[in-house]
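Visitor: The listed protein sequences derive, respectively, from chains V and U. Just remember that this note's numbering sits 48 ahead of the position in the first sequence, which is counted from 1. Just remember that this note's numbering sits 7 ahead of the position in the second sequence, which is counted from 1.
For the record, the hints were derived by calculation from the structure and aren't laboratory data. Don't take every hint at face value.
Said to hold, decoys possible - Here are the computed lysine to aspartate or glutamate pairs in the EDC-like style, where the Cα-Cα straight-line distance is at most 20 Å:
(1) U:Lys-520 - V:Asp-130
(2) U:Lys-499 - U:Asp-446
(3) U:Lys-520 - V:Asp-81
(4) V:Lys-98 - U:Glu-221
(5) V:Lys-98 - U:Glu-203
To be verified - Far from chain U, some chain V residues (derived; all Cβ distances over 10 Å):
(6) Leu-87
(7) Thr-92
(8) Val-102
(9) Gln-154
(10) Ala-163
As the list claims (entries may be wrong) - One side of the interface only, derived from the structure: several residues of chain V facing chain U at Cβ under 7 Å:
(11) Val-83
(12) Glu-86
(13) Ala-89
(14) Val-106
(15) Lys-107
We treat Cβ as the ideally placed atom computed from N, Cα and C, and that holds for glycine.
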Amino acid sequence: MTRYFTDEHEWIDVDGDVATVGITDYAQSQLGDIVFVELPAVGTSVEKGKDAAVVESVKAASDVYAPITGEVTEVNPALEEDPALVNSAPEGDGWFFKMTIGDSGQLEGLMDAAAYKDFVASL
Amino acid sequence: MNAPNQSGWKPAMIASEDGMHNGPATTTGNRALMLEEPLLFEIGRSDVTGVDLPPVDADAPTRLGALGRSEAIGLVGLTEPETVRHYTRLSRQNYGIDLGFFPLGSCTMKHNPRLNEKVARLPGFADVHPLSPQNAVQGALDVIHQLGGWLCTLTGMPAVAMSPKAGAHGELCGILAIRAAHEARGDAREVVLVPESAHGTNPATAAFANYRVEDIPATPEGRVDVAALKARLGPDVAAVMITNPNTCGLFEKDFREIADAVHAAGGYVYCDGANFNAIVGKVRPGDLGVDAMHINLHKTFSTPHGGGGPGSGPVVLSEALAPYAPLPFVRQQTDGTFYLVEEENREERGPSFGRMTAFHGQMGMFTRALTYMLSHGADGLKQVAEDAVLNANYILRSMEDILHAPFAGSGPCMHEALFGDKDFTGGLSTLDVAKGLIDEGYHPMTVYFPLVVHGAMLVEPTETESKATIDQFITAFRAVVERALAGDEALKQAPYYAPRRRLDETAAARKPKLAFEG
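Work out the full structure, taking the sequences as your base and the hints as a guide.
Guide: If you want it as structure tokens, here you go:
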């Protein structure tokens, strides 16, 4: 399984022809306590770089962008009851949604863990 | 004559060993004459009432049928003095502009002159009914007409729609006029461009009017990225919405260039006039190429944001958009009398896009705003902008040596000074500074807005504060910031002296309790 990162602080895990998307630990630390997550409906077509979900913290509401183009196949049901999962396990149990991979070529433009770490350090 | 109290003696406050001014706990939980107040539901009884109602005849005929109540309504019973005291006690824990400095950025919490209130309460204005015959309310129509004239003169715009009832309502009015103008020539445009530092209402308005919203980035100096905006313009862009001065407290000096480019691409320019306070009498938005701009009467022309009453958001319109203005509008006849153009005036209403409200707008705010204008005069309104900008720059330059001011190098700020929390240590944040200011006796500044600055603190002193007041605030603000820079752990627990200690905002948002549970 390979994990990629975007410069908008989403991560995407690729496992065969399914990808899992969430926001990074850096993103949750910047947002502060997450109080609500609005997830896309299963079956929604999402487009690389366009709004896919909304995350709301005590400070602000922010868009979460689709790292690649594809169709949403599953959303994390635990986030509705417990949005704090995004704070406690952003890159694990706090995942947002799973999606199909419309164009695997889009993954090549994303960062790997080391490149993302350098990117965050540069901010 | 001797100055009073030369020795400076004051009665002592009770101080405990930890310096918290806490004496022994009281039996009641009250602190001297500051009273701890329970909820109405906690003090009310079912067998008490403040109103002497006759007994109900259970056998009296009723036509309610199945709609009649089957159980008690559940209202609490209180005597009249209990009710009066409840709300008076709560009001003592409230904080408002009449109590002290209120530097809430982007809100223009300025003093509301008492003269405005006196005029608004004149029976001829206060008791006017929107369905009164027009010949009986000529004075009120004259006020609307005169006020509209002032707004057109101050903005350099040919027309104004008076009926929108708040800033965001005015935004919608302007965007609907833009949509009507495009549609009138069969031009179906889909996109509205909004800078990333915009008020949240801007993208919300465009989306509500069924446009797709796209962000325009800012430059490092805090202004709209003109090159990025120009690159995005095209036949699908209906309008751009730009706040000027913007929410970073900066004047968008390239506004004319932006407006010309938008017009060349067939779009319209919406200006969010929420910050007009900083430029009133100095800059006419019409000269900058604006097609539509709302004016927050309740901010720029005195009553504080929200004001404890209605807002009012008239919209000035360019020649291109004026025909689409919403009904009704006031016109003057050659004999000097006034009349309203409504739906039935088919010839005069033209291609108006319709109506924003049932009646003519917020009469109470109209009278206050016109009173403010007439009492200040044209020269006074110009001084309003000058003093608002001077006060904000005084705060910016008094703080920038210790507090991160991301745009301090972009030139003078306008009516508000923007800071960030970059240099705080020990895990302290903007929120801790805000809470620390409460202990110092100040309503905090706006925090975490605009989003483009990390841990934003937006301070707007307004023109109505004296130098002495601002100096006292700077002293307190610097003291709290010094604690945040030094990583003072105690600041994380502030406020210590407010009626309630720090509230758990996260729990309140995650698990809100929206009804009283006895």
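Visitor: Does each hint hold? Answer for all of them.
Guide: Going down the list of hints, with the structure as the test:
1. U:Lys-520 - V:Asp-130: Answer holds: Lys-520 of chain U to Asp-130 of chain V is near 16 Å, not above 20 Å.
2. U:Lys-499 - U:Asp-446: holds (12 Å)
3. U:Lys-520 - V:Asp-81: Since the Cα atoms of Lys-520 of chain U and Asp-81 of chain V sit roughly 18 Å apart, the hinted pair holds (cutoff 20 Å).
4. V:Lys-98 - U:Glu-221: holds (10 Å)
5. V:Lys-98 - U:Glu-203: holds (15 Å)
6. Leu-87: holds (16 Å)
7. Thr-92: holds (16 Å)
8. Val-102: holds (13 Å)
9. Gln-154: Consistent with the label, Gln-154 of chain V stays out of reach of chain U, its closest Cβ about 21 Å off (over 10 Å).
10. Ala-163: holds (22 Å)
11. Val-83: Holds, because the Cβ-Cβ distance from Val-83 of chain V to chain U comes to roughly 4 Å (cut-off 7 Å).
12. Glu-86: violated (14 Å)
13. Ala-89: violated (18 Å)
14. Val-106: holds (5 Å)
15. Lys-107: Since chain U brings a Cβ to about 4 Å from Lys-107 of chain V, closer than 7 Å, the hint holds.
Of the numbered hints listed earlier, those contradicted by the structure are 12, 13.
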